[in-house]
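Engineer: Chains as they are written, first to last, in this note's numbering: chain A, 51 to 233; chain R, 3 to 256.
For the record, the hints were derived by calculation from the structure and aren't laboratory data. Since the model is a prediction, treat every value here as computed from it, not as a measurement. C-beta atoms are modelled at their ideal positions from N, C-alpha and C, and glycine is treated no differently. Keep in mind that the hints are not guaranteed to be accurate.
Said to hold, decoys possible - Dumping the calculated BS3-like pairs for lysine-lysine here, alpha-carbon to alpha-carbon at most 30 Å: (1) Lys239(R) - Lys126(A); (2) Lys74(R) - Lys10(R); (3) Lys115(R) - Lys63(A); (4) Lys162(R) - Lys120(A); (5) Lys115(R) - Lys128(A); (6) Lys120(R) - Lys136(R); (7) Lys24(R) - Lys120(A); (8) Lys24(R) - Lys115(R); (9) Lys97(R) - Lys128(A); (10) Lys250(R) - Lys120(A); (11) Lys97(R) - Lys63(A); (12) Lys189(R) - Lys120(A); (13) Lys120(A) - Lys191(R); (14) Lys24(R) - Lys116(R); (15) Lys120(A) - Lys235(R); (16) Lys116(R) - Lys126(A); (17) Lys250(R) - Lys235(R); (18) Lys97(R) - Lys74(R); (19) Lys83(R) - Lys136(R); (20) Lys239(R) - Lys24(R).
As the list claims (entries may be wrong) - Examples of chain R residues lying across from chain A (beta carbon under 8 Å, computed): (21) Ile96; (22) Phe107; (23) Glu110; (24) Phe111; (25) Glu251; (26) Trp254.
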Amino acid sequence: MIDIAILIRLQIKLMTKGDRMLYFYLFSIISFKILNYYSFTLLWQIFLAISNLYLVLLYSRDADLKIFYKIFNISKFKIHTAKICIVYLLSLLQIVLLVLFSNEPDRAIIFIVHFLSFYTSIIFYKVSDLLKLVVLIGSFAIISLILYIFPLAPCTILIFVIVTLIIIREHNEPSERRKANLV
Amino acid sequence: MNLQKGEKQIWFDNTTKLYSSKPILNKLSFSIFENEFVALIGNNGCGKTTTINVLCNLVPYENGSVYVFGSKVTPEYTSYKNLLGIVLSTHYSIKEFSIVDYLSFVGEFQFLKKREVKTRLEDLLRLFELVDHKHKAIKYLSSGHLMKVSIAAALIHNPKILILDEPFANLDIRTIQTITEIIKRFKRKKTVFITSHNLDLVVDLCDRFLIMENGRILTVINNNEGLTSGELKDKIKGHLVSKTISVKEIGWLD
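Required output: the full structure, derived from the provided sequences and hints.
Structural biologist: What follows is the structure, encoded as structure tokens:
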């Protein structure tokens, strides 16, 4: 458990480096201000896309730390657990932001479900191809169902698919390079 | 005089590591004893870095066995790594962090208490003359300072074995001197396993030299045969002579 607490601090510290966290929250605040002012749905979509891309960054940066984790005996389980904790913390902050700036609790719920189902797909996509497929279809179905109940623009689904593909690309390419460097 | 004191801490027994079906380690066998200083020497591509990677459980091996502290290295046996201080030729530090932040995290991952980390961190910063740079991000450090940080990170938990892969590569004379002086302080106190191309430095440092070629140990030279540094270097160089043709044999280059 101590490892996980240290890992959470490490991940949060990593996210704050390069001002990613700051830019992310500045962007969310500004987009919601504009969203409220114009009631413009497209901005909402952009916000979701940026949130997803932020998670991509969280994972792609982590790829550079694989040897670091191996040297210090940090298991994948601990790394994922730490990240899940961070995502839940982030989700909590997102709810606060949404309540403060949009006054639309329905959308807050949609956003959080979207966020978590998406994150679940990231965690499991590399377990096995079959499971990855099941989880991706499952996440896709959940989001679609929610969007059917609470209609938003369908491009959210497209964003979800594109971002998932980016993650897979981001994850595969550096790992091949690392394999070559290690031998 | 027998230099092999203490217990056997590292033991490669007919270890084979394949990469794309080609053996990088080819039935590699050698052992290292407690508090020994051993250098692994060989030309580029002979398998030195792979030996280190296998020893540190960073890559799996296919055949044979590797034992560290008496237990066989397997994907499951990883606890021994907390007793190693590892410096790889590819730096694995977190480049965005400052030296202080990075070493603090390393200390915590090595199960040191926060107060202990702070004390050791201050000592290491003074030892490696890094006090003036301690808040600088690692990505902005020179290669010399980066190597010092890597060695400091490898030492913060006071490991039993220090593993150094090419620690003198791309360093200036002053940094090499500092690092050599620091490593010398561990003589008879720690086990040091080092790979290097710099014979001048390892000849003065090490008790034994494992000469490696094509993934196996070609010969072992002991530093207790009454040879001078120069003679020892010549003896080692004799095993590393290039087998390629000379420039004179290529008419258009001559």
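Engineer: Against this structure, judge whether each hint is valid.
Structural biologist: Going down the list of hints, with the structure as the test:
1. Lys239(R) - Lys126(A): This hinted pair is violated, its Cα atoms lying about 44 Å apart.
2. Lys74(R) - Lys10(R): holds, 13 Å
3. Lys115(R) - Lys63(A): Distance of about 19 Å is within 30 Å: holds.
4. Lys162(R) - Lys120(A): holds, 19 Å
5. Lys115(R) - Lys128(A): holds, 20 Å
6. Lys120(R) - Lys136(R): Since the Cα atoms of Lys120(R) and Lys136(R) sit roughly 13 Å apart, the hinted pair holds (cutoff 30 Å).
7. Lys24(R) - Lys120(A): holds, 25 Å
8. Lys24(R) - Lys115(R): violated, 45 Å
9. Lys97(R) - Lys128(A): holds, 22 Å
10. Lys250(R) - Lys120(A): Roughly 48 Å separates the two Cα atoms, so the pair is violated.
11. Lys97(R) - Lys63(A): holds, 12 Å
12. Lys189(R) - Lys120(A): holds, 28 Å
13. Lys120(A) - Lys191(R): Distance of about 26 Å is within 30 Å: holds.
14. Lys24(R) - Lys116(R): violated, 46 Å
15. Lys120(A) - Lys235(R): violated, 36 Å
16. Lys116(R) - Lys126(A): With a Cα-Cα distance of about 24 Å, the restraint between Lys116(R) and Lys126(A) holds, given a limit of 30 Å.
17. Lys250(R) - Lys235(R): Distance ~26 Å between Lys250(R) and Lys235(R) Cα, so the pair holds.
18. Lys97(R) - Lys74(R): Measuring from Cα to Cα gives roughly 33 Å; hence the hint is violated.
19. Lys83(R) - Lys136(R): Roughly 26 Å separates the two Cα atoms, so the pair holds.
20. Lys239(R) - Lys24(R): It holds: about 26 Å lies between the C-alpha atoms, which stays within 30 Å.
21. Ile96: Status holds, d = 7 Å.
22. Phe107: Status holds, d = 6 Å.
23. Glu110: This hint holds: Glu110(R) lies near chain A, its Cβ roughly 5 Å from the closest one there, short of 8 Å.
24. Phe111: holds, 4 Å
25. Glu251: violated, 32 Å
26. Trp254: It is violated, given that the least Cβ distance between Trp254(R) and chain A is near 34 Å, above 8 Å.
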